[in-house]
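Next come the chains, spelled out residue by residue.
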Amino acid sequence: MARQEEDFDANLAGEDGQTEETKSGWFKRIKKGILTSTADKKETPEGLWNKCPECNYICTVTELKEHLFTCPKCNHHHRVGSHEYFELLFDEGQCAILFENIRAKDQLNFTDLKNYQKRLEETWKKTDLTDSIRIGAGKVKGYPLVIGCMDFEFIGGSLGSVMGERISRAIDYCLQHKTPLMIICKSGGARMMESAFSLMQLAKVSGKLSQLTDAKIPYISLLTDPAFGGISASFGMLGDLNIAEPGALIGFAGPRVIKETIKKDLPPGFQRSEFLLEHGFLDFIVDRKQMKDKLASVLQLFQH
Amino acid sequence: MLMPENKNRQFIDFEKPIKDLLDDIEKLKENKDKKEVDPSDYIKQLEERVIEKRRDITQNLTSWQKVQLSRHPDRPYTLKYIQKMCTNFVELHGDRNVKDDKAMVGGFAELDGETVMIIGQQKGINTKMRQLRNFGMANPEGYRKALRLMKLAEKFNKPVITLIDTPGAYPGLEAEERGQGEAIARNIYEMMRLKVPVICVIIGEGASGGALGVGVGDKIFMLENTWYTVISPESCSSILWRSWEMKEKAAEQLQLTSDKMYGFGLVDGIVPEPVGGAHWDYDEAAQNLKKVLVATLQQLKQQDPQQRIENRIEKFGKMGFWEEQPA
Ligand SMILES: [Zn+2]
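Protein chains in written order, with my numbering: chain A, 49 to 352; chain B, 668 to 994.
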């Protein structure tokens, strides 16, 4: 139940919050090649051990990576970013990264505890990301696919103008190349610092999806932990297929808000993938380790 | 009409000077016969000052005060506008699946002699009704009822008008079980593709996805004293400032008022309200809105349906701000 209490307010506010996965230093070290093989296991320095938040199983980050960042013991799916998904799903991990030149700006001069522009600059520096979604065009077992993958690490994966515009252009790309689209959703909700402009992205992307429909190009929404607010109230729930990783927390209102509203504890498993499947909102749940195979079969079925 | 329709009118703190004047007028009228000098002229003067006061006060409101005005308990709600603008309203109920959501109302009506489908969130006018209407917070079945009615309108080629007034979609347990997110998403998507003209008007509170779930159309308007943005100032304060106390600041930063939203190009026009706010004169408020709706419908009907849909997608497609760095 402990994880049920987690909310994403801090992440949406641009802070690191209490979530284990946002302490992403270890992913970076892997990327830099400091950890490469299991042979390193014994020499793994302190801090490169990971404790599973579900079952407390302790293993090295290298072992975790071999399991595609799922717990070797309980199969808890750790939160990973676009780099990991692209490497996992695209053939040879190869894809063309598109529309990175579209960048956020602080048009409203929004200041909460910090100025939005300053927050953006800090986040750009802190992460190797340019915004909360990256668009990759490549092949999955030979089938062309455009993937938009969110990064929770970038202001809680929040939905702002840049995400809306990058997805819109990704859809134009799909229309032009007759390529299916998948969006991997991982977001706490809207980018509040963009006020009503962030809300309008829901309509903007939905309008573009309507063009995909008319062109009969498949769109898959893959929901991962977490997928909330504006995401679930728009393209997150509008897939020709809506699928999810196991155990992902998915919903419109966050658990904390619901709890405060109904003044009752939430039932175990509430708003998890399995709950959504049971209530009829998902086509299936896919384990990260089978994801590439399953995705390829689906793409094959659409194509043949 | 000068005097409030309702003797039990409620006043927001910044409306207090108006209340004082009204109380004075009331007292003078009561004692009219007992006095030697006829106070009629003085009453007339005071009544003029009430109007001035209403104007003065609403001219200098902060963003947060405008939010308060949009929530004024005496403000006209959806059914009031329908009653004042339309004839032959036939309310239609239910989503054909779960139940009839009382927070979302709708039905066919005649507007200026023409049949329209008119839909919107409905708040309650007293404590009991507020409960029944769930404070204007619809459940998924409310959004699905709205979509059913829009599809019905489309089938018979009748335009759709939505009146938006909600503090948000209901954040409840059953709402999640029945797919609140999916219901709103589906509406946004389907409204984008409706073959008939669609006009949306924020008549009170326009809170986030709960508002946008009936808020996609060819033309979007806001009444003068309303707000529309991605989150309520209170929730924004609690998330970004980690405190419920910063709602004024949050309202300011969110730039959620009608003038700002019009300036951003996110809405197509502002519908003027009676001096001091829509709650001072329901008839005038409704007539102002009716004028805009009738004129806009005439204009939208000229367009080819496919063109209208393409324009709609393009209209929302342009929304947002970003920098494009040289590749
Ligand atoms: Zn585990």
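There could be a bad hint or two in this list.
[Stated by the list, open to error] To give an idea of the interface, some chain A residues facing chain B are shown, with a C-beta separation under 8 angstroms as derived from the structure:
no.: 1; residue: Leu60
no.: 2; residue: Ala61
no.: 3; residue: Gln155
no.: 4; residue: Phe158
no.: 5; residue: Met240
no.: 6; residue: Ala244
no.: 7; residue: Ser258
no.: 8; residue: Ala281
no.: 9; residue: Met285
no.: 10; residue: Leu286
no.: 11; residue: Leu289
no.: 12; residue: Ile310
no.: 13; residue: Leu314
Source of the hints: derived by calculation from the structure; they are not laboratory data.
On a predicted model such as this, the values are computed, not experimentally measured, just so you know.
Here a beta-carbon is modelled for each residue, glycine too, at the ideal position from N, C-alpha and C.
Hint check results:
1. Leu60: With a minimum Cβ separation of about 6 angstroms from chain B (threshold 8 angstroms), the hint on Leu60 (chain A) holds.
2. Ala61: 5 angstroms, holds
3. Gln155: 4 angstroms, holds
4. Phe158: Phe158 (chain A) check passes; min Cβ-Cβ to chain B is 5 angstroms, inside 8 angstroms.
5. Met240: Nearest chain B Cβ about 6 angstroms off; hint holds.
6. Ala244: At 4 angstroms from the nearest chain B Cβ, Ala244 (chain A) passes the 8 angstroms test, so the hint holds.
7. Ser258: 5 angstroms, holds
8. Ala281: Constraint on Ala281 (chain A) satisfied, holds at 4 angstroms.
9. Met285: Hint holds; Met285 (chain A) Cβ to chain B Cβ min 4 angstroms, cut 8 angstroms.
10. Leu286: Holds - the Cβ of Leu286 (chain A) comes within 8 angstroms of chain B, reaching about 5 angstroms at its closest.
11. Leu289: 14 angstroms, violated
12. Ile310: 6 angstroms, holds
13. Leu314: OK, holds: Leu314 (chain A) within 8 angstroms of chain B, min 7 angstroms.
Checked against the numbered hints listed earlier, the structure breaks hint 11 alone; every other hint is satisfied.
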